[in-house]
Amino acid sequence: MVKLLFGGKGLTPFKQLNYDIIVIIILIGFITYALYFRFKRQLFFTISFLLPFVILYFSFNLIVKAAKQSGFLGIIAKILPFSSNQMFPATLTLAIIIYLLLYIILRLIFLLFREPIDKQILNKNNIYLKFANLGMCILNSYVTVVLLLFMFCSVIKIDYNRPITSVVMKTSNQVITVSFVHDMMLKAENYNLYKEAMDQLSGRQVQKDFSEIKIYLDEVDSINNDFNSCVYPLLSNESKDLIADYLIDDNYIACLLHEEEESILNRIIVFEESNPIITELNALNHHMNEHLGYWHLFCSLRIEDIAFDDFFTVIRFVSDNIDNLAIKFTDPTNKINFKKSVGNFDFFLEYYYDFISEEPEDIDDYTQTIMQIFSDKNNLLTYAENFIARNNQSNHPIINKIIKTFKHLLKYELTINNKIPLDINITYASNYKIWFKTDNWRKHSVCKAYLLDAITDSDHTGYNLYHRYFFYRYLDNQATLTLSNIINALEMTINQKILSEAEVTDYMTALIISPDSLIHDLERENRLIENFYNDISTSNHRFISDKVKQYLS
Amino acid sequence: MVKSEKQKFTIYEMDPSGKNRYVRSPDNNTAIDVKPFNAVASQKMPEETAQVLRGNPFLYKDNRNSEIYSIEDFLVVYKRKEILLGEVIRNNNYPLKTRKRIFKKAFKLWYKDYTKKKNQTFRENFRTIEVIKGIGNVKFPVLMELAIWIMFIAMIFIIGIDSQLWNNISSGNFGLFLQTALNSMYNSSPWLKTIGYATVYILMVLIVYSLFFHTVIKDYKRYYQKSRCYLDDSENQINRDFKKKRKKVYKYYKRNLKKNNPYFPPLSIKEVQEGEVNIATFNTISKATVNKSYRLMKFEPILKYIKKILLFLCIGGFLFVYGYSIISVIIAAI
Numbered sequence: 001m002v003k004l005l006f007g008g009k010g011l012t013p014f015k016q017l018n019y020d021i022i023v024i025i026i027l028i029g030f031i032t033y034a035l036y037f038r039f040k041r042q043l044f045f046t047i048s049f050l051l052p053f054v055i056l057y058f059s060f061n062l063i064v065k066a067a068k069q070s071g072f073l074g075i076i077a078k079i080l081p082f083s084s085n086q087m088f089p090a091t092l093t094l095a096i097i098i099y100l101l102l103y104i105i106l107r108l109i110f111l112l113f114r115e116p117i118d119k120q121i122l123n124k125n126n127i128y129l130k131f132a133n134l135g136m137c138i139l140n141s142y143v144t145v146v147l148l149l150f151m152f153c154s155v156i157k158i159d160y161n162r163p164i165t166s167v168v169m170k171t172s173n174q175v176i177t178v179s180f181v182h183d184m185m186l187k188a189e190n191y192n193l194y195k196e197a198m199d200q201l202s203g204r205q206v207q208k209d210f211s212e213i214k215i216y217l218d219e220v221d222s223i224n225n226d227f228n229s230c231v232y233p234l235l236s237n238e239s240k241d242l243i244a245d246y247l248i249d250d251n252y253i254a255c256l257l258h259e260e261e262e263s264i265l266n267r268i269i270v271f272e273e274s275n276p277i278i279t280e281l282n283a284l285n286h287h288m289n290e291h292l293g294y295w296h297l298f299c300s301l302r303i304e305d306i307a308f309d310d311f312f313t314v315i316r317f318v319s320d321n322i323d324n325l326a327i328k329f330t331d332p333t334n335k336i337n338f339k340k341s342v343g344n345f346d347f348f349l350e351y352y353y354d355f356i357s358e359e360p361e362d363i364d365d366y367t368q369t370i371m372q373i374f375s376d377k378n379n380l381l382t383y384a385e386n387f388i389a390r391n392n393q394s395n396h397p398i399i400n401k402i403i404k405t406f407k408h409l410l411k412y413e414l415t416i417n418n419k420i421p422l423d424i425n426i427t428y429a430s431n432y433k434i435w436f437k438t439d440n441w442r443k444h445s446v447c448k449a450y451l452l453d454a455i456t457d458s459d460h461t462g463y464n465l466y467h468r469y470f471f472y473r474y475l476d477n478q479a480t481l482t483l484s485n486i487i488n489a490l491e492m493t494i495n496q497k498i499l500s501e502a503e504v505t506d507y508m509t510a511l512i513i514s515p516d517s518l519i520h521d522l523e524r525e526n527r528l529i530e531n532f533y534n535d536i537s538t539s540n541h542r543f544i545s546d547k548v549k550q551y552l553s
Numbered sequence: 554m555v556k557s558e559k560q561k562f563t564i565y566e567m568d569p570s571g572k573n574r575y576v577r578s579p580d581n582n583t584a585i586d587v588k589p590f591n592a593v594a595s596q597k598m599p600e601e602t603a604q605v606l607r608g609n610p611f612l613y614k615d616n617r618n619s620e621i622y623s624i625e626d627f628l629v630v631y632k633r634k635e636i637l638l639g640e641v642i643r644n645n646n647y648p649l650k651t652r653k654r655i656f657k658k659a660f661k662l663w664y665k666d667y668t669k670k671k672n673q674t675f676r677e678n679f680r681t682i683e684v685i686k687g688i689g690n691v692k693f694p695v696l697m698e699l700a701i702w703i704m705f706i707a708m709i710f711i712i713g714i715d716s717q718l719w720n721n722i723s724s725g726n727f728g729l730f731l732q733t734a735l736n737s738m739y740n741s742s743p744w745l746k747t748i749g750y751a752t753v754y755i756l757m758v759l760i761v762y763s764l765f766f767h768t769v770i771k772d773y774k775r776y777y778q779k780s781r782c783y784l785d786d787s788e789n790q791i792n793r794d795f796k797k798k799r800k801k802v803y804k805y806y807k808r809n810l811k812k813n814n815p816y817f818p819p820l821s822i823k824e825v826q827e828g829e830v831n832i833a834t835f836n837t838i839s840k841a842t843v844n845k846s847y848r849l850m851k852f853e854p855i856l857k858y859i860k861k862i863l864l865f866l867c868i869g870g871f872l873f874v875y876g877y878s879i880i881s882v883i884i885a886a887i
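Here the protein sequences come in this chain order: A and B.
Residue numbering for the first sequence follows this note's numbering, beginning at 1 and increasing consecutively.
Residue numbering for the second sequence follows this note's numbering, beginning at 554 and increasing consecutively.
What the hints contain is simulated information worked out from the structure, not anything from laboratory work.
Keep in mind that the hints are not guaranteed to be accurate.
Straight-line Cα separation of at most 27 Å, DSS-like style, residue types lysine-lysine; simulated pairs [stated by the list, open to error]:
| no. | chain 1 | residue 1 | chain 2 | residue 2 |
| --- | --- | --- | --- | --- |
| 1 | A | Lys-411 | A | Lys-401 |
| 2 | B | Lys-823 | A | Lys-119 |
| 3 | A | Lys-119 | B | Lys-774 |
| 4 | A | Lys-124 | B | Lys-771 |
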């Protein structure tokens, strides 16, 4: 019992919700009811509780079709405050409404067969009927547990590795549709973990973090140059004198940041109040306040004479000076993102030489070495085994995530498909067939609504995984992709009635615009034809929305 | 004065067409030689059957083993001797007046006995049922149940800070600040999360418990109301049935005795005995209600204590986690 409650890891319990305890509580509750209820009552309750699921499983697609045609689904979507353009909340609400209706109808029917009081007293249930009640109670408990698990999954972290919970998850099915949707949601969550683990290990994450910082540094550098060439000549002599007092090596940024009671930039703004250049100065001041941390980082790197594209030197510098730099960030979002990036740099600097056998020349060399290992299945499996053996005792959260990912990979090594990226492979390894062969998600409207929402809305939590899944399942048909390849494949999906035209347009829009889109991976892997984006800009195809053209222009 | 002569009897049997009446038998001309005073008195009947026959036909419960077909099979006392009622009222050896008197006396006795038993049962049971009316008034008030659900949702919210919901909340600056503050609070005091999860489990127990508690109390109330209604209804029905049957029996025999006709079919016991709703059933249901109330009354204090303990733990955990969180957020804001 102690092991069950505390997970056998000493007295550090309850890091995540132990759903096994909830299952036990529910089971005890239902057993109590089963012992308390008479057979007929338990039977009626079980039928009214479970039969609507079966009815919905067979008839819900037709109901959704009718609701769409009659506009009822649209009304629900309008009423729901959180659904916006998404169909999943409306479809799920419709399923709940139909379920409740069926439940009420069945309860009313069973009211007609209720035992009169004298029969209840005079006819005692025998012990066999109590056993039958217990059997029904287990069924009811299972369904309740599945429903609750679905409700909990987006509001609290659940430990899915607990024995009972993992069994419940393994038995996810389409009859109790929410269990399958829950499995879909969990896959999206797991994918993020596997992707993060693989990105951290392969150096892609630090590369991404570094390029984001570099973008800001380049922006500040360009501001410095612009100030020198465009703003400085238009300033009054008073301001120029002030700048001259503090300017070193043409570093205007450092000069403007310099503070004596007030920053130099603020003092210049006061001097230039009536000067037409004041608009630019105010914009500069606004930028400075928003990205103060990057302005300071720029100055520090300039003082240390570090080139912005020198990956290892920059991340070492940032990592060593995190306390001084982080304090300069005024915007909380920027500050948190910067700290996260530096956390990733710390991890990389601490472990990267453990991950590969030879010292890399630069980050590209490191990434290529890792990707080479990943490209060969046997090498990857050996690497995974060695990694787990070497780092099993580690407490680092990222190492733990990598270990978790590798363990999952090793568990399902036989179903690895080399044509799709490793992180997606790992995510679908446990039930590859139902996703890449039988397409079970298409069989039930609720699941379909969830997936369509996920692939067409880049803010959706499942976007990262499912728009990739959709691409690799239905669109990835050529080694080098052209716009027409993708459009033809999308047209096929319309013909097969997988997506509607509007959904295809939304998918395409998110694919091009979203920063998390797969298109960037393809670009990095050189799988897109050279003038891919030009083709999109010039294309008049109905799948290319104005939003995309606006974005590309 | 007893006449010693050979008498001819007509044989009646149940109507073969299935109607509930007696018709002349096809073997109607069969003559049976009956010797007076030896029909039952000389026979040795089992004590069990004799006990039933000494009883009250209005209280008779159908018993397959005892071969009782009519009210006339019951025993009456005449001159300190037990005789079958049928033997007395059909025997011309007794003067009509005597036969009438014996029948009236037996009938009056049975009537009194039945009324006494009935009244006693009704009075006692209704008094008991009235006394137990107050049982089962403990309950979870609606507001408390609502508060339990709100606490449950609130606890899930405060401890699930790494959830999808919080990821959405933290997209705004205030949400991000809250998430960061709570995260650092849980990092510096990991035991707080343990308290939070423990409170969630206890709240879950409390929810299941309150649902069961609610069902038990609601069922009891419904059961009490129904059994009360049933008892009221059955009292009326028993009274009505008895009145009808009593009149029918009395009139039937009075009419036939008046005619001084010994050759009339005996009235079936089914026309006399109690129906499905009878005093015994009434008693059983009443007793079952009392037993149920007694069981509930016995468990009521335990139910109350468990409720109080669970509520105390939940409210304690909830206030502690939220109090600590609010203080932490205020400190972080300062």
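Legend entry - Unmet hints by their number, sorted upward, for this structure: No numbers; nothing is violated.
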